[in-house]
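Novice: Below are the chains, spelled out letter by letter.
Protein chains: 2
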Amino acid sequence: MVKLNHLAIVVNDVDSALSFWRDALGLQVRHAERNEREEVDLAFMPAGDSDIELISPINETSGVAKFLAKHGPGMHHLCVEVDDIVATMQRLKEHKVMLLNDTPKVNEEGTKYCFIHPKSAYGVMVELYEKAKK
Amino acid sequence: MVKLNHLAIVVNDVDSALSFWRDALGLQVRHAERNEREEVDLAFMPAGDSDIELISPINETSGVAKFLAKHGPGMHHLCVEVDDIVATMQRLKEHKVMLLNDTPKVNEEGTKYCFIHPKSAYGVMVELYEKAKK
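For the protein sequence lines, the chains are U and B, in the order given.
Sequence positions in the first sequence follow my numbering and run 1 to 134.
Sequence positions in the second sequence follow my numbering and run 1 to 134.
I should point out that these hints are in silico values taken from the structure, not numbers from a laboratory.
The beta carbon of each residue, even a glycine, is placed where N, CA and C say it ideally should be.
A portion of the hints provided could be inaccurate.
[Unchecked claim] Beyond 10 Å from chain B on every Cβ pair, some chain U residues (computed):
1. A24
2. E38
3. E39
4. D49
5. K70
6. V86
7. L100
8. G110
9. K112
10. K131
11. K133
[Claimed, not checked] In silico DSS-like cross-links for lysine-lysine, where the CA-CA straight-line distance does not exceed 27 Å:
12. B:K105 <-> B:K93
13. U:K66 <-> B:K66
14. B:K134 <-> B:K70
15. B:K119 <-> U:K70
16. U:K3 <-> B:K134
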């Protein structure tokens with residue numbers, strides 16, 4: 001199983017961008033927060049089986065702020081969910097795919113994740129996710 | 001209902017990019033074709049409920065070729081599926097959202113579609129889809 005978990009979009013300001021995604025287009029916000037650790041505001045909007053995630057920087061020094069200064073607002077990365085991230089990472093390495101971390105990182109919810117280098121993914125920043133078993 | 005139908009990625013060459021998306025990451029190709037009218041090669045890969053679509057130009061004059069020359073490979077547009085595209089377009093217009101066409105276009109399968117101007121969608125090219133009723 002490989003499924004699109006979410007698509008992340010960088011904007012200048014999450015609240016302003018919601019005027020399009022929520023108010024005009026009609027998506028619902030499932031979860032929104034200021035994440036001080038990542039130095040961003042976030043909003044997750046279910047769009048069928050996948051989420052659209054809005055991200056905006058809360059200072060001028062974060063990675064997201066630098067992306068925004070360089071590229072302007074737009075799609076940032078896509079996240080695909082897999083059953084077994086370690087096996088997937090192993091297979092990717094066998095195919096000479098460059099990973100940004102050698103072993104999975106783990107977030108507060110227990111989700112394991114890893115980023116693939118955009119050069120290996122033909123121009124796209126791809127995140128891998130393996131959700132915590134419940 | 002607003003769901004993510006597909007995410008379109010522009011690459012230099014669909015076959016080469018499949019070495020990552022299909023061979024390394026493990027997605028399956030549901031449909032691939034050379035579309036002479038759009039002047040592109042296409043491959044659709046289901047990723048859960050949504051598709052990832054790879055697009056590459058087959059000449060140097062198409063819109064996709066110009067996008068590639070200007071931006072390099074990467075994510076191009078996202079397509080959201082709605083129940084009633086005319087009602088959605090009407091609501092978007094009431095919210096001052098700019099549409100690239102005033103009435104829906106229709107493709108060979110009977111799918112109605114319309115593009116939203118990236119300026120109105122905070123930096124993202126968004127396509128709307130209403131699938132043909134069966």
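Novice: Does each hint fit the structure? Answer for all of them.
Specialist: Cross-check of the supplied hints:
1. A24: violated, 4 Å
2. E38: Holds: least Cβ distance 20 Å, greater than 10 Å.
3. E39: holds, 20 Å
4. D49: violated, 3 Å
5. K70: holds, 13 Å
6. V86: At about 14 Å from chain B, V86 of chain U clears the 10 Å cut-off, so the statement holds.
7. L100: Nearest chain B Cβ is 15 Å from L100 of chain U, so the label holds.
8. G110: It holds; G110 of chain U is separated from chain B by about 20 Å at its closest Cβ, greater than 10 Å.
9. K112: It holds; K112 of chain U is separated from chain B by about 16 Å at its closest Cβ, greater than 10 Å.
10. K131: holds, 13 Å
11. K133: Holds: least Cβ distance 18 Å, greater than 10 Å.
12. B:K105 <-> B:K93: holds, 17 Å
13. U:K66 <-> B:K66: Since the Cα atoms of K66 of chain U and K66 of chain B sit roughly 26 Å apart, the hinted pair holds (cutoff 27 Å).
14. B:K134 <-> B:K70: Distance ~40 Å between K134 of chain B and K70 of chain B Cα, so the pair is violated.
15. B:K119 <-> U:K70: Judged against 27 Å, a Cα distance of about 17 Å means the pair holds.
16. U:K3 <-> B:K134: holds, 26 Å
The structure does not agree with the numbered hints 1, 4, 14 stated previously, though it agrees with the rest.
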